[in-house]
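For the record, the sequence lines run as chains A, B, C and D. Going by full-length UniProt numbering, the residue at position 78 of the first sequence is 78; the numbering climbs one at a time, nothing skipped. Going by full-length UniProt numbering, the residue at position 99 of the second sequence is 99; the numbering climbs one at a time, nothing skipped. Going by full-length UniProt numbering, the residue at position 89 of the third sequence is 89; the numbering climbs one at a time, nothing skipped. Going by full-length UniProt numbering, the residue at position 198 of the fourth sequence is 198; the numbering climbs one at a time, nothing skipped.
Don't read these hints as lab results, they were simulated from the structure. Possibly wrong hints are sitting among the right ones.
Straight-line C-alpha distance at most 20 Å; calculated EDC-like pairs for lysine to aspartate or glutamate [as the list claims (entries may be wrong)]:
id	chain 1	residue 1	chain 2	residue 2
1	A	372	C	378
2	A	408	A	350
3	B	405	C	226
4	B	32	B	69
Selected chain A positions facing chain D (in silico; Cβ < 7 Å) [to be verified]:
id	residue
5	213
6	225
7	229
8	230
9	239
10	241
Estimated spans, in silico, between C-beta atoms of each pair [stated by the list, open to error]:
id	chain 1	residue 1	chain 2	residue 2	range
11	C	291	A	214	21 to 29 Å
12	A	279	C	67	30 to 38 Å
13	C	281	D	112	32 to 40 Å
14	C	281	D	21	17 to 25 Å
15	C	291	D	112	27 to 35 Å
Even glycine gets a Cβ: it sits at the ideal position worked out from N, Cα and C.
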Amino acid sequence: MSLLTSLARLRALDEGIAQPVATVRHCHLSRRPMVFIPLKLSGEAAAPLAAMLGTDRDDPRLLVVAQPRNRDLRFAWAAELAGVLLPYVEALTVDTETVERKNADPYERAVDAPQLVVPNQGGVAFTALLGRSTRFRRADGPYPVPGSVPLLGRWLTYFAERAAYPGSSIMLAATEELGRHWASGQSSLEDANLAALMSWITTGPSDEAEDPLVWPPAGPATDPGFDAEVLAPAIESGSAERVAEALRTQLEPTWRLVWQAIDLLAALPEGASVAQRWEQDRGSFSGMAAHVAEGAPPQARRDGAVAAAARLARMERAQAAYDVQRAYDDPMVMAEYRLTGEAFAGEVVETDPENTEGEGRSRKLRPLVVVKTDDPVRLPQGTSLGTPQRRGQGAVLVAADEGLITVKITKGMGRGKTAAPGSVPEVGERVCYTSLTDDFQGSATLPEAEATPWTHGGPPRGYTPDDEDAQEEWS
Amino acid sequence: MTDSPEQVIQNVLADLPRHRGVVVDSPPGAGKSTLVVRAAAHIAATGEPLMIVAQTNEQVDDLVVRISDKHPHLRVGRLSAGGYTPPPRLLELAGVRVATRVQDLNDPDIVIATADKWAWISERVWPWAIVDEAYQMRSDKLLRIAGLFERALFVGDPGQLDPFSIVDGDRWSGLSWDPLQSAVSVLLRHNPDLPVHRLPVSWRLPASAAPVVSQAFYPFTGFRSGTGPGDRRLELTTGGMGTVHDRALEEAARSGWALLELPNRHTVRTDGEAVQAVAMLAERLLQRGAVASSEQGERPVTADRIAVGAAHRDQVAAIRAAGLPPEITVDTANRLQGREYDVTIVLHPLSGRRDATAFHLESGRLCVLASRHRHACVVVARAGIAELLDAHPSAEPVQLGVPVKFPDGWEANQAVLEHLARHRV
Amino acid sequence: MTGLKREGDPVRRLEALRGTTPPRPHDARAIAALAANPGCARRALMDGAGIDKDAAARHLGFPAPFGQSPFAITRGNMFEALVKADGCAELLRMLRELLDLPVEEVAYHDVENVGAHLRHTHTRSLLDHAARSTTAAEPVSAATFYDHPLLSLSIAGHTAYLEPDLVAFQLGGRFHVVEVKSFSVIDGQADPAAVAAAARQAAVYVLAMRTTLEELGHDPGLVSHDVVLVCPENFANRPVATLVDVRKQLAVLRRQLTRMTTLDRLLDALPDDLTFDLRPDDDGRPTRPVAELADALSRTTARYAPDCLSTCDMCFFCRDEARQEGASDLLGRQVRDELGGVASVAEALGLADGTRTPAEGQEEIARLLRNAERLRRECLT
Amino acid sequence: MGDRLDELERRIDELRAAVRRAMRARDGGTARSLRADLRSAERAWDALVSGEHPQAKQEPPRLVTVREQVHQGLRLLGATAQPRLIVAVSDAFFGGTLRSDRLTSLRRDEERSFRSSPFGRPYYLCAALTDRLSAARGLLTLSTWPLERRVVGPLSPRVDFLNCAIAVAKQRSDDERAVRLLARMARNIPGATDSGLAPPDPARVVAAARAELAVHVERDTRDRAELARRAAVQLGDTARLFGAATLSTITKEKAK
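Bound conformation, chain A alone:
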């Protein structure tokens, strides 16, 4: 968090209403998001209790485990969940487009991808656990489960893994996305309470948000008071209706909140790079669908040495790109870098569009631009710069003096003798330059998993899911 966000929080606290910290939306919003609110049985790792889900805000599906300690009922619940989620996912694998690639074969990419929206980080973590507890099950053998359950597990695992992937919108946690766009007047710890955060954004703070009687927790844990006073007697009574009704009261308020959160985000204009990231999401989704179709084994319990290094490299790359893209897409994010002196913005006061360097054939067009800025620039001479106004261009900081910064454009000027119209900023134009650039070095290849070196334990023993996986009781 930066001082800019802190200031926004202070302002929110003072004015009694959350303050924007973004001017555009940085996540993709699907036309048909699948809202998913899972609840679990307290004290258990991944014992599902209920879920409310669906793509239509007026028609939520409520799935309930009437006797949460009954293993068969839990798997029946998982099968029901699969019955809702899998058709939603599978329908999206049908329409694809062919993508051409440099130095590689073209591939098929889905034109749209699924999007799972959960209330909070807890929802993401629980989705991961549900995925872990179902993907190794078997439809045959000593502890059979419905055939759709292991497939569901693989998709839930996929969703949860994408949620950890920087910039991905395949799975969103409402509190996280809201927090990226608004600063409330409470701590980030308290922002994890969806009801509290939403009330800061919409109406102003309310103590009711912390009252489980008014706003039940958004899950996956339920309110202990509810467990003791309502749920336990309902389960004891053996009446499935009573359990379902009890759980409905805990889920419905959150259901409305999540849709309201989606509306809030949808009202923001989409950031310029969002479509590009969604494209990667779609590619990843198609990759996963192909994986499933080819009958590849379920995701491993934990990454092997090579898989871990590969994932880390991908995630670091994605994180760096995401940070840069958000700054380029959104002046409010860029302002954070301006505040720390890693970027500056201002008015162009002088240009030399004809400036060249070198002689003869190697003579190159290197226009100079002088920017007047109020920002505290802390960039040394020679720093490579980029600019959101002309994303293809690269520049170098030549001199900085008393709020006047001279910049030399070094990249993206083409081969012409003179600058193409519009390629050099005009005097009077507002521009922004930053040392934040997206020229990430590709990482070198990794060995094949079978060639894992001795320093990392040597080649892994081949992993084949065995009966042990299928047997693990759901206690």
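Let chain A serve as the given structure and place chains B, C and D on it in line with the hints.
Relative to the frame of chain A, chains B, C and D by itself:
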């Protein structure tokens, strides 16, 4: 008590053919580079090719120069990435060849490159490798290059900063091959029987600093200084004016340490008063014509022999902007790792803070800052760090299967602070 | 420390702070929580005086948001019973696998077999006996497991009684604290916050045992700093044991216990007649006027941080106080730290708007805030 | 009916909220009376939804008494055991309907019955005796067993467990519950199973359990004989079955 440095080096060299990997822990200034050069020559003498891995281009160039200096008959290949321009001092060396591809190096005795560059090399296996700064190397980098060698010597300082990532690595914690762990941790978890040697003597740190640094940051292994009390002297040739800055310098010249304490106040990170104090100390140090005498002779403490260290980049920027001579190194702890100066001036990571975070308390950070000097270290800090440590909530999460790291940042900070209090002005 | 006179004084003062309200005995969890916010003078005084913070908060109308689901409680009890069932059969399997416990080591001793009032003495004598067996020339029999032991530890002059789940002995001749928890270990990993809490709690037991052994003239090092954490594995009920090194937690704990004996400075700053007495009636119901108690508490400085919301019974009271004061602490430690010396929201915003002239030492944060405010406005228009 | 249902639901919601508020205020009395109202509202709601009056939950026909089921279980095991294990055995081999919570008051009932008419029954379910000759917590035995079997020394819990495992293995039942019980016991006996999933081989379980027993049995037999001797000397009839009061035992110990 412990083996002599020479005996340790002998033991290391003797172990090399006996084990697939040998680890040497080297506290600050314990002659790590000397060891690398010795081992390189030792291996080259067998006639078998050797690859050396370092972490930064500067470290690579440094090693090339050192090896070439000491063993001019050895042919050294300096492998580099495309955009690299070799410094002139490298080009002057007769046996050294620089190229971007292995085949252009003309099969030298030794090939040296950064870990990043090595990761792009394939289809050849060296019988020997030396990995330098192996504790600062992330294990995923080692994974990329470990296929290139059969046996390796890993050298590094376990007390400095751990590698890090911009992404959350919790999903790998507890794995023996956690990519965010250092190369040495992963190596030793998979090969617990490899010999680990320790260089026992710091040639850099003076007798005034070695015990402090050793106890605070190397509590279980320890090391001693190669020079005795009085072997190193720092003299200020011009008189002082009695200001706090002058008195701090005098205390540092006398005892090897000084704590310039500013009034207790919570400040922004780029605390102007503290930045000014740091700049003033550096300026006065130059003005007062400090002269350092040691086993290496007597020499003036020129700007290039002074470093200023801080925790954060914005602090570094603020200090640079305060108008220091450009020859003085100003940098973060991260980037000061492995470097050596006569005098260091340190802005204490906890100065002016109200709450300490894990970042501030990381023992490696303070260790780097407190162990770069041959003669003296002056620390600038606001009063109140003791209270801050006292009030620090201890609720760090615990990951299963991850060995506990020592020293604890809190304890190390406390130990250093207690020592500094005796040199307060 | 200046002489003996002061030694009795703080104890008397602390008792006066508590007044007629019965002291709340510290359990391991409460002792472990001492490290959660050591900088808070209010909490330090209340804990030092043995005040029931939960009751106080409730009486003030700010009950803490903590509660445990009956499902979780049942599950926890069932799991512990499972681990100890049939002469600790599950535990034996795990210790044999994890620590190579020899097969002949199975002796089980339930300390609770003696009357409740004797458990503590009995625990001591059993530990003494076991410790002797490590040095005795003749083989002395010691049990492998001590179930339901009762340890004690002196906390700021009060004796706290502690009940570890189980103590194992004969793992290489050292005592190991066994901590049974019902959170799951999934693929070798568990919730790091839960593990940390378990480690802090186990460290309290380790310290109590070491203190006991020392009092009995044995080597405190006989108690291992590795505790055996037993949790359900993956999604089944089957227990799995993991060794957790609690050296760091022990160091922290020692620090906090030392701190508790140095409350003099805090007490000196308080008015003589100050008390946090709830004045319970015969049924134990507090009768003290709420406003009076709140007023008394406000004489002590709290160091509220949002982290308190998960650790301290007084959190809602202190948060409310911070709100009334418009303190930037509300927004979290990081924000508070970033603002340098500026403690209040109004002050920070005044500096940002330029409507307030920075006091001495505030020039820099004022400049930063003004700059931030300029940038925000520029982006929002 | 819809209106009535709505009204009931509203009432239920209100009552639930009120109960929870009372609980948070630790006002137990109010909570109890509210809870009673809540239960009746919920019953009415259930009745309305299911369209009939709720019947009292039917107890399954119980031909064998709890007492007799425990007796059966213990006889099969042949050693002192915890209620948990007895329930599992009853479930696996006798199609039992026992629940652990029903066993908690059992021992007290037996003691009461014994006191009112000593030896009036052919057997009593009684407590195992500790080294202090007091009742061991949560361990049941049969009065018909010799004293040596009813006392527990330090090794006895393990020895009894191994004996129980042998007894279970010898039943050689194919019933799924029996196989699961044996598997659960076998995994805690070294060498009794492979790591695989296959059901344990009873003969191997017996052999493994005997192998470990051989390690402990000598000392355990000695300990138990000594305890039994003390019990015979020091305890009266009731205490010999149900354990001495703890305090008196201690006093005796001290007097020694």
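Outcome of the hint check:
About 15 Å separates the Cα atoms of residue 372 of chain A and residue 378 of chain C, which keeps this hinted pair within 20 Å; it holds. A distance of roughly 12 Å separates the Cα atoms of residue 408 of chain A and residue 350 of chain A; the hinted pair therefore holds under the 20 Å criterion. About 14 Å separates the Cα atoms of residue 405 of chain B and residue 226 of chain C, which keeps this hinted pair within 20 Å; it holds. A distance of roughly 16 Å separates the Cα atoms of residue 32 of chain B and residue 69 of chain B; the hinted pair therefore holds under the 20 Å criterion.
Restraint check, residue 213 of chain A versus chain D: the minimum CB separation of about 5 Å is within 7 Å; hint holds. Nearest Cβ of chain D to the Cβ of residue 225 of chain A: about 4 Å, under the 7 Å cut. The hint holds. A hinted interface residue such as residue 229 of chain A counts as satisfied when its beta carbon comes closer than 7 Å to some beta carbon of chain D; here the least separation is about 5 Å, so the hint holds. Look at residue 230 of chain A: its Cβ gets to within about 5 Å of chain D, closer than 7 Å, so that hint holds up.
The closest approach between the C-beta of residue 239 of chain A and any C-beta of chain D is roughly 6 Å, which is under the 7 Å cut-off, so the hint is satisfied. Annotation: interface hint on residue 241 of chain A holds; nearest CB of chain D at approximately 6 Å, less than 7 Å. A hinted range of 21 to 29 Å for the beta carbons of residue 291 of chain C and residue 214 of chain A is consistent with their spacing of about 27 Å. Between residue 279 of chain A and residue 67 of chain C the C-beta distance comes to about 46 Å, which lies outside the given range of 30 to 38 Å.
Between residue 281 of chain C and residue 112 of chain D the Cβ separation comes to about 39 Å, which falls inside the hinted range of 32 to 40 Å. Here the CB-CB span from residue 281 of chain C to residue 21 of chain D is close to 23 Å, well matched to the stated 17 to 25 Å. Taking 27 to 35 Å as the suggested C-beta distance range, the pair residue 291 of chain C and residue 112 of chain D does not conform, at roughly 55 Å.
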